[in-house]
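Here's the letter readout for the chains.
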Amino acid sequence: MDAVTYPEEKVIDFIVGQTIPLRVSSADALADQFNVQWTPTLAVLDSEGKEHSRTVGYLGPAEIAPILLLGIARAYFNREENEQALVVYNKLIAEYPASDQIPEAIFFYGVVMYKHTHEPKYLRAAYDRLTAEHPGHEWTKRAYPYRLIGV
Amino acid sequence: MKAIQWETKLETALQRAKAEKKPVLLDFFNPG
Chain A
1 MDAVTYPEEK VIDFIVGQTI PLRVSSADAL ADQFNVQWTP TLAVLDSEGK EHSRTVGYLG
61 PAEIAPILLL GIARAYFNRE ENEQALVVYN KLIAEYPASD QIPEAIFFYG VVMYKHTHEP
121 KYLRAAYDRL TAEHPGHEWT KRAYPYRLIG V
Chain B
1 MKAIQWETKL ETALQRAKAE KKPVLLDFFN PG
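If you're matching them up, the sequences are chains A and B in order.
Take 1 as the starting number for the first sequence in the numbering used here and just add one per residue.
Take 1 as the starting number for the second sequence in the numbering used here and just add one per residue.
One chain only, chain A, in its complex shape (with noise of 0.2 Å):
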């Protein structure tokens, strides 16, 4: 990470503009607070420490901000706030289409739409688009119970 994805121009503007960050060696006592077991380990925290998110092992310059963005947008969902949540996917689907998150975000998108707007239909459109986009990923298989929704 620290020759490689670190470095990069374009993760240190995503870190720094998204992200509060913070470094901590696992041989600290924070460590143990977060079970921390192997290296590197990257969670989002929110304002509260709370854990949102968590990543193991080494991310490329090309995957850490879409795999950011997503635990980002976990911890909205978590708290409820469905606007800021669906803007997090948003921005992920539309600025990183060749990221192997989409999926997720694809799935994520219709679950937020439909617990904000009580229409079942985002979550058949989840279905429909990762079907179509993305036959066979495990994100589109956890969808499958969708496909009984009419449009």
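Mixed in with the good hints there might be a few duds.
Result set (SDA-like, lysine to any residue): computed pairs, CA atoms no more than 20 Å apart in a straight line [unchecked claim]:
(1) A/K10 x B/D27
(2) B/K9 x A/A31
(3) B/K9 x A/E51
(4) B/K2 x A/I12
(5) B/K18 x A/E51
(6) B/K21 x A/A31
(7) B/K22 x B/T12
(8) B/K22 x B/G32
By construction, these hints were calculated from the structure, which means they are not laboratory data.
Given the coordinates of chain A, work out where chain B should sit on it, guided by the hints.
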């Protein structure tokens, strides 16, 4: 040269997170 300015204390990062309305990216690294 441009570089990420990392916070090193959780308390400081959380204070900034509240003030700047941003999440915290917590990176645990291997000190070697």
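Numbers of the earlier hints that this structure fails to satisfy, in rising order | 6 and 8
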